[in-house]
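*Asks:* Chains as they are written, first to last, in our numbering: chain B, 1 to 100; chain L, 1 to 226.
Just to be clear, a hint being listed does not mean it is correct.
In silico DSS-like cross-links for lysine-lysine, where the CA-CA straight-line distance does not exceed 30 Å [said to hold, decoys possible]:
| id | chain 1 | residue 1 | chain 2 | residue 2 |
| --- | --- | --- | --- | --- |
| 1 | L | Lys158 | B | Lys96 |
| 2 | L | Lys123 | L | Lys197 |
| 3 | L | Lys158 | L | Lys123 |
| 4 | B | Lys96 | L | Lys197 |
Treat the hints as calculated values from the structure; they're not laboratory data.
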Amino acid sequence: MTAETASTASTGPSRSAIDQTLRAILRDVLGLDQAQVDVFDGDTGLFGHLPELDSMAVAGLLTEIEDRLDIVIEDEDVDGEMLESYGGLLAFTEAKIVEG
Amino acid sequence: MYATWPCPLPDGTAGEEMVLGFDRARQQRVLVIPPLFDEANKFRHQIVEIMRRVDAQDIDCFLPDLPGCNESIAPLPAQTIAGWRAATAAAATHFAATHVFAVRSGGWLVPDTLPGWVYAPVKARQVLRGMLRARSLAAREAGVSESSEDLLAEGREKGLTLAGWDLGAPLIRELDEGEFAASPAAIPIEQGEVGGKPLWLRAENDDDPAQADALAAILIAGLGVE
Chain B
1 MTAETASTAS TGPSRSAIDQ TLRAILRDVL GLDQAQVDVF DGDTGLFGHL
51 PELDSMAVAG LLTEIEDRLD IVIEDEDVDG EMLESYGGLL AFTEAKIVEG
Chain L
1 MYATWPCPLP DGTAGEEMVL GFDRARQQRV LVIPPLFDEA NKFRHQIVEI
51 MRRVDAQDID CFLPDLPGCN ESIAPLPAQT IAGWRAATAA AATHFAATHV
101 FAVRSGGWLV PDTLPGWVYA PVKARQVLRG MLRARSLAAR EAGVSESSED
151 LLAEGREKGL TLAGWDLGAP LIRELDEGEF AASPAAIPIE QGEVGGKPLW
201 LRAENDDDPA QADALAAILI AGLGVE
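Please model the complete structure; the sequences and the hints are all you need to start from.
*Replies:* Next up, the structure:
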C-alpha cells in the first residue's frame, strides 16, 4: 500500500491534492468560503441540491476541473452519479487522473 | 454617462450602438472590451466598478456596445469575431483611445495598435467547449441526447443556439479554429495578481470591490498617473 501511494504521487497529484483542488474549484464556482467547502463530505449533495448549479455552471465547473487537473472529460463521462454528491465527483476525478 | 457611437456595419455603413463612458477629454483614454457571451453579464457590474475607480484617478474610459451584444439591436447570429474586431478598432479610433483594457474573451478583439492589458485571457476553443457542454447537459436533463461533437458539426454548417446565445455558422467556425492572440502590446493580468475568487467562474453574478481596487491599481500604475 505504501509503495502504491508513493508511485501514484510520483506520476500525478496525490489523492489529497485532488481533493483540495476540487474543493477550491467548488468554492470558486459556488462563491463559498473555504470553511464551508472544508466540511463537504462524500454525501454532500451537488447537482440537484444546490440551486446555483445549473447546466451552464456545471459546464464551467467541468471545464475548470479539466484545466486545473489536466484531464479531459468527455460528454459520455458525465452522468447523474458523478454530479450527485461530492464523493461521486471526487471518485470520478480520481479515476480520470489514474486513467489519463 | 450613456451615449451612442457610430459603429461600422459589415456593409460599410455606420450603425449606432450604445456606449457607457466617463469622458472629460482627459489625456489618458482607456477603451474597455468586455468578455463575450455569458461572461459579459457576469462581468458587467465589476467592469463598471473598475471604470469608476479609473475615472476617479482622472482617466477617461469607454465601454462601447458591440453589434449584437448588450443593448445592441443588431442580430447576434449575423456577428463574427472579425466583425467585432473591426468594430473595436473603429471604437478605438472614434474615442481616440490611448490604451485598452480587455477582459477574458474581450482579449480576442484587442486592436494591434494599442498598448494595454488583457485580464485573465482565455482561448476561443475553451469558451466554445463550455457552451457546447452546457447545451448538451441541458438537453440531457430534458431527456434528449446531444453530443458536443454532433452539435459542433451542426453549428459549423448551420449555426446553433448555445446556452441561450444564437450563434451563426461563421462565428462557430471562428471559435473552433481561431487563436485570436491579443496584441503583444497588451500585458496579460492573471487572477493571482488580482487575488480573490475568479468572478467568471461564479454560478451567480457578483462583484468584488477588493478585486476592482486591485485591477484599477494595476491600470493606474501602468498609466503612470500621479
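*Asks:* Quick one, are lysine 158 of chain L and lysine 96 of chain B close enough, alpha carbons at most 30 Å?
*Replies:* Given pair lysine 158 of chain L, lysine 96 of chain B is violated - Cα atoms ~34 Å apart, limit 30 Å.
*Asks:* Do the alpha carbons of lysine 158 of chain L and lysine 123 of chain L lie within 30 Å of each other, as the hint requires?
*Replies:* Given pair lysine 158 of chain L, lysine 123 of chain L holds - Cα atoms ~23 Å apart, limit 30 Å.
*Asks:* Are the Cα atoms of lysine 96 of chain B and lysine 197 of chain L separated by 30 Å or less?
*Replies:* holds, 26 Å
*Asks:* Would the hint linking lysine 123 of chain L and lysine 197 of chain L be met if the CA-CA limit is 30 Å?
*Replies:* OK: lysine 123 of chain L and lysine 197 of chain L at ~20 Å, within 30 Å.
Consistency note: the structure conflicts with earlier hint 1 alone.
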